[in-house]
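S.K.: What follows is each chain in one-letter form.
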Amino acid sequence: MSSAANKLINPVRLKAATAVVRACAHPLRLKLLAYIHGKRKTNVNAIYRTLKIEQSVTSQHLKILREANFVLTERDGKRIYYTVNYKQLKRISNLLQKYF
Amino acid sequence: MATKQKLSKEALVIKKDNGKDNIVLEFGKLKRAVLTLRAINHPLRKKIVSMLEDKRKMTVTEIYDILKIEQSVASQHLAILRRAEIVTTKREGKFIFYGVNKKRIGEITNIVEDLAQKE
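Chains A and B are the protein sequences, given in the same order.
So the first sequence is numbered by my numbering: it starts at 1 and just counts up by one.
So the second sequence is numbered by my numbering: it starts at 1 and just counts up by one.
Errors might be hidden in some of the hints.
[Claimed, not checked] In silico DSS-like pairs for lysine-lysine, Cα to Cα no more than 30 Å straight-line: (1) A:K15 / B:K103; (2) A:K90 / B:K102; (3) B:K31 / A:K63; (4) A:K98 / B:K31; (5) A:K98 / B:K57; (6) A:K90 / B:K15; (7) B:K15 / A:K31; (8) B:K15 / A:K52; (9) A:K39 / B:K31; (10) A:K15 / B:K47; (11) A:K41 / B:K16; (12) B:K16 / A:K52; (13) A:K98 / B:K90; (14) B:K102 / A:K15; (15) B:K103 / A:K87; (16) A:K31 / A:K52; (17) B:K46 / A:K98; (18) A:K90 / B:K29; (19) B:K31 / A:K31; (20) A:K98 / B:K103; (21) A:K39 / A:K90; (22) A:K41 / B:K29; (23) A:K98 / B:K16.
[What the hints assert, rightly or not] Derived list of chain B stretches under chain A, where covered just means 3 residues or more per stretch with a C-beta under 8 Å from a C-beta of chain A: (24) 24-30; (25) 33-45; (26) 111-117.
Keep in mind that the hints were calculated from the coordinates and are not lab data.
All C-beta atoms, glycine included, are put in the ideal place defined by N, C-alpha and C.
Work out the full structure: start from the sequences and follow the hints.
M.R.: Here you go:
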């Protein structure tokens, strides 16, 4: 296909961009971000106990957030701690305000 | 450093100490962003956009004739593209012509490039 739109919008990057937006366009994942933000730093056990979500479900959603760069992880001994990646949230927030 | 947060059904609001640098994620806008990216990410709709870019304006009849698809299918995809503001419509007499919204396609390109960057 020779058109400008198809040349400009690279399919691989479109897929990556869609995954990022879809990662945060989800009520439970927004709730997870709000919770982690409130705690500043937390681990998966605290999250699922407080929010009363199954551990496997919590882990699944955290994985999606991590892959989309919305949360950062750090290991402390056996535990993995989650923090919010404000830079990525700010980026999405700016795009939403500007274009939608 | 962040201090307060508020989560309603409508938005995630992260407030910062200085009050200037608040981060707001409105759920409605997120949904629209998803719909916009999904609108362009479809083979048949990409074809429609390419055709409209080449021919500048077309009626729905021309579109479904060339693509050899049902009118209802063409209309459905055009509606998705119109809602995402990727195509525009213009009435001329008894015909409705579809065209591409070049400005919006340029914006979507910027959005995709920005989001696809790792850092």
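S.K.: Next, verify each hint and record whether it holds.
M.R.: Consistency of the hints with the structure:
Annotation: proposed proximity of K15 of chain A to K103 of chain B holds, straight-line Cα distance about 21 Å (limit 30 Å). For the hint pairing K90 of chain A with K102 of chain B, the CA-to-CA distance comes to about 27 Å; that is within 30 Å, so the pair holds. As the CA atoms of K31 of chain B and K63 of chain A are separated by approximately 21 Å, the hinted pair is consistent with the 30 Å bound. For the suggested pair K98 of chain A and K31 of chain B, the alpha carbons sit about 15 Å apart, so the restraint of at most 30 Å is met.
About 28 Å separates the Cα atoms of K98 of chain A and K57 of chain B, which keeps this hinted pair within 30 Å; it holds. With a C-alpha separation of about 12 Å, the suggested pairing of K90 of chain A with K15 of chain B holds against the 30 Å cut-off. For the hint linking K15 of chain B to K31 of chain A, the alpha-carbon distance of about 15 Å falls within 30 Å, and the restraint holds. A threshold of 30 Å between alpha carbons decides the hint, and for K15 of chain B with K52 of chain A the separation of about 25 Å falls inside it, so the pair holds.
With a CA separation close to 27 Å, the supplied pair K39 of chain A and K31 of chain B stays within the 30 Å bound. At most 30 Å may separate the alpha-carbon atoms for a hinted pair to count; K15 of chain A and K47 of chain B meet this at roughly 18 Å. The straight-line distance between the Cα atoms of K41 of chain A and K16 of chain B is roughly 16 Å, inside the 30 Å bound, and the hint therefore holds. The suggested pairing of K16 of chain B with K52 of chain A holds, with an alpha-carbon distance near 27 Å, which does not exceed 30 Å.
Note on K98 of chain A and K90 of chain B: the hinted pairing holds, with a Cα-Cα distance of about 26 Å set against a maximum of 30 Å. Between K102 of chain B and K15 of chain A, the direct Cα distance comes to roughly 21 Å. Compliance with the 30 Å bound is thereby established for this hinted pair. For the hint linking K103 of chain B to K87 of chain A, the alpha-carbon distance of about 27 Å falls within 30 Å, and the restraint holds. Between K31 of chain A and K52 of chain A, the direct Cα distance comes to roughly 12 Å. Compliance with the 30 Å bound is thereby established for this hinted pair.
At roughly 24 Å between alpha-carbon atoms, K46 of chain B and K98 of chain A fall within 30 Å of each other, so this suggested pair holds. Proposed proximity of K90 of chain A and K29 of chain B is supported: the alpha carbons are some 14 Å apart, at most 30 Å. Between K31 of chain B and K31 of chain A, the direct Cα distance comes to roughly 16 Å. Compliance with the 30 Å bound is thereby established for this hinted pair. Note on K98 of chain A and K103 of chain B: the hinted pairing holds, with a Cα-Cα distance of about 14 Å set against a maximum of 30 Å.
For the proposed pair K39 of chain A and K90 of chain A, the alpha carbon gap of about 19 Å is at most 30 Å, so the pair holds. Taking the CA atoms of K41 of chain A and K29 of chain B, the gap is near 27 Å; set against the 30 Å cutoff, the hint holds. Between K98 of chain A and K16 of chain B the CA atoms are separated by roughly 20 Å; this keeps the pair inside 30 Å, and the hint holds. Coverage of the segment 24-30 of chain B by chain A holds in this model, with 6 residues showing a Cβ closer than 8 Å to a Cβ of that chain against a need of three.
Figure legend: the segment 33-45 of chain B, annotated as covered by chain A; annotation consistent (7 residues with Cβ-Cβ distances under 8 Å, at least 3 required). Coverage of a stretch by a chain is defined here by at least three residues with a beta carbon nearer than 8 Å to that chain's beta carbons; for the segment 111-117 of chain B and chain A the count is 6, and the condition holds.
No hint from the list above goes unmet by this structure.
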